[in-house]
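Colleague: Chains as they are written, first to last, in this note's numbering: chain A, 1 to 346; chain B, 1001 to 1346; chain C, 2001 to 2346; chain D, 3001 to 3346.
Quick caveat, the hints were computed from the structure, so don't treat them as lab data. A quick note: this is a predicted structure, and the numbers were derived from the prediction, not measured. The C-beta atom is built at its ideal place from N, Cα and C for all residues, glycine as well. Every clue listed holds true.
Here are the computed distance ranges between Cβ atoms for each label pair:
{"hint": "1", "chain 1": "A", "residue 1": "265", "chain 2": "B", "residue 2": "1208", "range": "58 to 68 Å"}
{"hint": "2", "chain 1": "D", "residue 1": "3003", "chain 2": "C", "residue 2": "2056", "range": "41 to 51 Å"}
{"hint": "3", "chain 1": "B", "residue 1": "1208", "chain 2": "C", "residue 2": "2108", "range": "37 to 47 Å"}
{"hint": "4", "chain 1": "C", "residue 1": "2279", "chain 2": "A", "residue 2": "59", "range": "54 to 64 Å"}
{"hint": "5", "chain 1": "B", "residue 1": "1088", "chain 2": "C", "residue 2": "2251", "range": "52 to 62 Å"}
{"hint": "6", "chain 1": "C", "residue 1": "2122", "chain 2": "D", "residue 2": "3336", "range": "46 to 56 Å"}
{"hint": "7", "chain 1": "B", "residue 1": "1302", "chain 2": "C", "residue 2": "2251", "range": "20 to 30 Å"}
{"hint": "8", "chain 1": "D", "residue 1": "3336", "chain 2": "C", "residue 2": "2054", "range": "15 to 25 Å"}
{"hint": "9", "chain 1": "D", "residue 1": "3055", "chain 2": "B", "residue 2": "1088", "range": "56 to 66 Å"}
{"hint": "10", "chain 1": "A", "residue 1": "44", "chain 2": "C", "residue 2": "2187", "range": "13 to 23 Å"}
There are 4 protein chains.
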Amino acid sequence: MIKAGIIGATGYAGGELVRILLGHKNVKIEWFGSRSYVGEKYASIYRNMFELIEEECLDDNIAELAERVDVIFTATPQGYLASLLNEDILHKVKVVDLSADYRIKDVSVYEKWYQIAHKSPQFIKEAVYGLCEINREQIKKARLVANPGCYTTCSILTAYPLVKEGLIDANSLIIDAKSGTSGAGRGAKAPNLFCEVNENMKAYGVASHRHTPEIEEQLSYAAGENVRISFTPHLVPMNRGILVTGYALAKEGLTDQKVRDVYEAYYGKEKFIRLLEQGVCPETKWVESSNYVDIGFQIDERTQRIIIMGALDNLVKGAAGQAVQNMNLLFGEKESEGLEFVPVFP
Amino acid sequence: MIKAGIIGATGYAGGELVRILLGHKNVKIEWFGSRSYVGEKYASIYRNMFELIEEECLDDNIAELAERVDVIFTATPQGYLASLLNEDILHKVKVVDLSADYRIKDVSVYEKWYQIAHKSPQFIKEAVYGLCEINREQIKKARLVANPGCYTTCSILTAYPLVKEGLIDANSLIIDAKSGTSGAGRGAKAPNLFCEVNENMKAYGVASHRHTPEIEEQLSYAAGENVRISFTPHLVPMNRGILVTGYALAKEGLTDQKVRDVYEAYYGKEKFIRLLEQGVCPETKWVESSNYVDIGFQIDERTQRIIIMGALDNLVKGAAGQAVQNMNLLFGEKESEGLEFVPVFP
Amino acid sequence: MIKAGIIGATGYAGGELVRILLGHKNVKIEWFGSRSYVGEKYASIYRNMFELIEEECLDDNIAELAERVDVIFTATPQGYLASLLNEDILHKVKVVDLSADYRIKDVSVYEKWYQIAHKSPQFIKEAVYGLCEINREQIKKARLVANPGCYTTCSILTAYPLVKEGLIDANSLIIDAKSGTSGAGRGAKAPNLFCEVNENMKAYGVASHRHTPEIEEQLSYAAGENVRISFTPHLVPMNRGILVTGYALAKEGLTDQKVRDVYEAYYGKEKFIRLLEQGVCPETKWVESSNYVDIGFQIDERTQRIIIMGALDNLVKGAAGQAVQNMNLLFGEKESEGLEFVPVFP
Amino acid sequence: MIKAGIIGATGYAGGELVRILLGHKNVKIEWFGSRSYVGEKYASIYRNMFELIEEECLDDNIAELAERVDVIFTATPQGYLASLLNEDILHKVKVVDLSADYRIKDVSVYEKWYQIAHKSPQFIKEAVYGLCEINREQIKKARLVANPGCYTTCSILTAYPLVKEGLIDANSLIIDAKSGTSGAGRGAKAPNLFCEVNENMKAYGVASHRHTPEIEEQLSYAAGENVRISFTPHLVPMNRGILVTGYALAKEGLTDQKVRDVYEAYYGKEKFIRLLEQGVCPETKWVESSNYVDIGFQIDERTQRIIIMGALDNLVKGAAGQAVQNMNLLFGEKESEGLEFVPVFP
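Just need the whole structure built from these sequences, with the hints factored in.
Modeller: Next up, the structure:
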């Protein structure tokens, strides 16, 4: 039995992690960490867990946690884990970090986009970027996994094979992303109130969103050169789901079949990536509450562009589901254990 | 392995049945029946099932189906199963009927409320009303289970112990029910269009909804006398969920503790019924996509009334989940097998 | 030109007041009061007003305000106006109070339900309860109008004629009310976040909501005796709209025609009250962003009950619209001036 | 008094036209045309109009209509007006066509994208493309106005000044558009059901949507050369609103100030176009149920691109509101008459 501790268990990603781990046959959650709710019953915060969890929320104490569990999940604000992590902890437990602290290899890029100083840059190098379908083998051997962001998981998985195989001009890539509101977190801010989000749509973080360098870094590895993209997130009046629409210049003569072949070569055996039939566009509802990423594409011969589309559930494959997938890899569990949810529709 | 056939597999209840059975370790779906989509791939109708189901939809052929499967689920319009059922079928397979055809024992009541003639009244008597928590032992021995309606499951389970124990005046009971829109089905009708339902709320079927006599019949058994109630359903702009608010005159001197004790006596050991803590009101979101019913109550001393509240997911405990729970009872499976979903939030 | 000042102009009711007054041909808003946003441009809070309002928000200074305007609207928390009002102010300006401070004549009832001491009970008696269709003549002569609450406007207008004419047993009345989320205000609280409200429904304030005594008081006047009712509000995932479903024992032999005749007698000439055709149930969407109240009813002969239903927009007829209607009466304007919105659909 | 007739009065655009014209002080609607509802009261289809409209729906008879009214609005399927229009009609009345029949000057382009033969190409040349802010003077003199589409109005108005002044490379323009569901019309189709749209998002018509050539034609006029763009529409779970996010290569050295200056030069005096403050992104809610278009932009120096954003209400400025604005121009009314709605929020 893997003993798991969660720091930040009462945010939406933390709550989703709890939901998923409850159904994992080899995991027991030992620590429901939530600084805001210390001493309150976890199930009084998330009543969906009523009668399923009796434990109370505990304060954050990573040192004690490291003694008691096998894996720590941190679903915490940027900079938090970086300020606490040390060799001793990594010596004792595996860490899956859902924040951005160890995702970006170039610390100056991190510090510029996140506007904070990185407190433990010495661990950045060893951290493995936890995109399971891309970095599976490295993850298996890691101590510290940097779990990718929601927008980034969707964007990278959708574009990666085409960039890697040179089917598109990576620097021409424009990603227009749309996200459900759970991505904004559970903080009580006026812009996230029901009446402000409902019946509304807007872009935000235009030309400045922090997931941009994360996408660029991974696509740069794929391209073998520095890649610069445009990334624009939008807020959508729905709870869950990310839809990514990507636009790129296609290599001359690119055909549907060629694109399909490349996607198949990369993802044909991937359980959690589904390449849709020709002409079918992904819909966020078809992957809701599951760990799937659905991918579709359309070549536009008029403009020599290819439009690529990806959809996932931001709290599952975009956060907690992928974190569990990483944990499974770390501990030699079946990769899909606890994650075989059939998407819920409607 | 239980072989299951579904007639009406492409409605919302049918789709949910498929979702649930896919996760049941001892069931294989042998027949995806859908008259409207014969020959089309099931996963092209419900793309959430893409790569999970390869089968095509088959026409309705209950005779052939009875040869091939162990259990038939009918998620069909009123009168459909009644027009087809015969002794031969019941001799060969178990039938779980999600329509209302065998729910009401008095055929004249059925014919009056549903405005159709019942074609096989001879099976009404043996049909067991499939409210598992109330009729568990009879269900185990049944050939034909009349799976309760969504509003009725919520209404009856919420009121039953109080009526049975005489804590409330059953004839004073008024049930104001609110339902998500999946309860209206997948038929392409203008009133169910997004723009007609969204940002809107209304009552419908006032003083005439067909679930009324079903609730009355079951509460009459509990009361030991004929009970008449008011029942008003409302349409809510959400996909799933039923919330029932019931009002009844309380027996003099009724206390919170007495009410709790009675609920505990009836449901304390029931996995799928959760009696909330004092002062907590059920929310549909806390049970979403799960098989739970959450119950709460409040005594109003000013008016001598008790307000009882229940919440469930209309497609799970209110339809497909309860159908699977019934199937589990019929076949000696663990009652909760395939149904241990943690509710999804948010 | 009527000069108007608003205290609490950045709440949802305040914002709606601004929207409505902008279209009123004889009003100029002189004071956009908002303690939280002093010095910020009003249109930077409510960007729908961009280029329509250049003014900045001002601090609350009721004394100065009384010098500068003809009418003050207070869309403020309970107790606020009561703590400030004095004879000097009322001598200088008319006041329309959207809070509950002067709605309830019995100060002990107010203090019990609101759990605060009333600081200026001396004005309660003269305050006129601003339900225009009921108290039109008194309003015209008032200095201080207690603008009714949203639930109460809908509940009282729906039930009033039947209670007044003795067609129903007022003490049997149960009101099950459903409200859009703007009724919860613009405060940044976790339960009002999009992800907590969306796809969810719940009751709240069961047997304890503060609008209960307000409804009871007005219906008691109608009945000519003390009336006690049950009132249960529910939160619905939509921005605007209140739907009230009322249940009461009908006088023996009550007919549809009799009920219609009574409603017609009371409301036949009322511009803002629409009695729907027989069998039609009100929908909140049909009155959205307008000042209408739509009323429907159904007699249930099985239970001897009548179900009455009313719908309005909580921010218009349930708050700001009614406040402007009251202002029009106070200043001899056409009662519907500025309020002739056609409901927006969809 | 302008006498108006509407063909297609019961679609969502038709309904919105009725709502707007009811508030126009110099218009009387003489003909509520709706083939599907002939003989039914208009207000029984759109109950928001209850007590506001007593008329019944009439069949389509454009010849008779031409005798009786001054202006005909056609909110009809593609090809309908083209099949009926003749010189006699245009001799008698002004026609504002909300369909695409006369928007595209090159009939072969129309026939290719719409897959129907154009029945009256002889009128294409004289038809004026009714984008008021661009073609104001020609509209005033027109007999036949081709009212622009919703996506196109938003896309063109947002991009036009920058293309015209050569600040961007028009052929690099990619428009990612998001629309509320009323844009899909009131037809009873399964994909538009509440449960299919709600909590969901998808692209559709990728590389093939019919508004593409309409945008290209207008931007080609602006650019003075043939322009080819990418245009991808998306369906969003909200009733109203279009948000357009455009991406284009910026001329070297382009500055915020330069962009603002150009927008100001074109739109500074336009009542219905609002250029937002620097850094503010348009939100559909801020223009809801009004005739405004809100525009914002952001230069991304990293990628040399500019991101332009526009928002409007698809049923108002994107359909009925613009149609009325055109009518006002045709008849010498004040251009904003009947259209001075303050956007409704929330």
